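Colleague: Sequence:
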Amino acid sequence: MLDYEELSQISMQIILNAGDARAIIDEALVSIEEGNFDEADEKMTEAKKKISLAHSSQTNAIQGEAMGEKIPPICTLCSCPRYSDGSYE
Numbered sequence: 001m002l003d004y005e006e007l008s009q010i011s012m013q014i015i016l017n018a019g020d021a022r023a024i025i026d027e028a029l030v031s032i033e034e035g036n037f038d039e040a041d042e043k044m045t046e047a048k049k050k051i052s053l054a055h056s057s058q059t060n061a062i063q064g065e066a067m068g069e070k071i072p073p074i075c076t077l078c079s080c081p082r083y084s085d086g087s088y089e
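Heads up: the sequence shown begins at 1 in our numbering, then just goes up one per residue.
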């Protein structure tokens, strides 16, 4: 069973990686505005890696629970809409 400390660490990994991805995407948009398309492409590649890390952390937690692992009742999915729906405010 995951304890609250382990679950907090997983949650922070999700939030931090998703937040990093958003910040990198913002940088990519600035690069596009400046006409630096190669730089923007590199930043988008970096952002996709961060999104994949966030997704992996989330998926591992969900799969563990689906396989019977007890997970404390805490919101671990709150960061999901930030990186999965494609909208960046």
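Just so you know, the hints here were simulated from the structure itself, not pulled from any lab data. Everything numeric in this text was worked out from a predicted model, so none of it was measured. Be aware that one or more of the hints could be misleading.
Just the calculated beta-carbon pair ranges, DEER-fashion [what the hints assert, rightly or not]: (1) N36 x T59: 11 to 21 Å; (2) E69 x V30: 37 to 47 Å; (3) V30 x Q63: 31 to 41 Å; (4) N60 x E34: 10 to 20 Å.
Beta carbons: idealized from backbone N, C-alpha and C, even for Gly.
Colleague: Please write out, lowest number first, the hints stated earlier that are contradicted by the structure.
Modeller: Violated hints: 1 and 4; rest satisfied.
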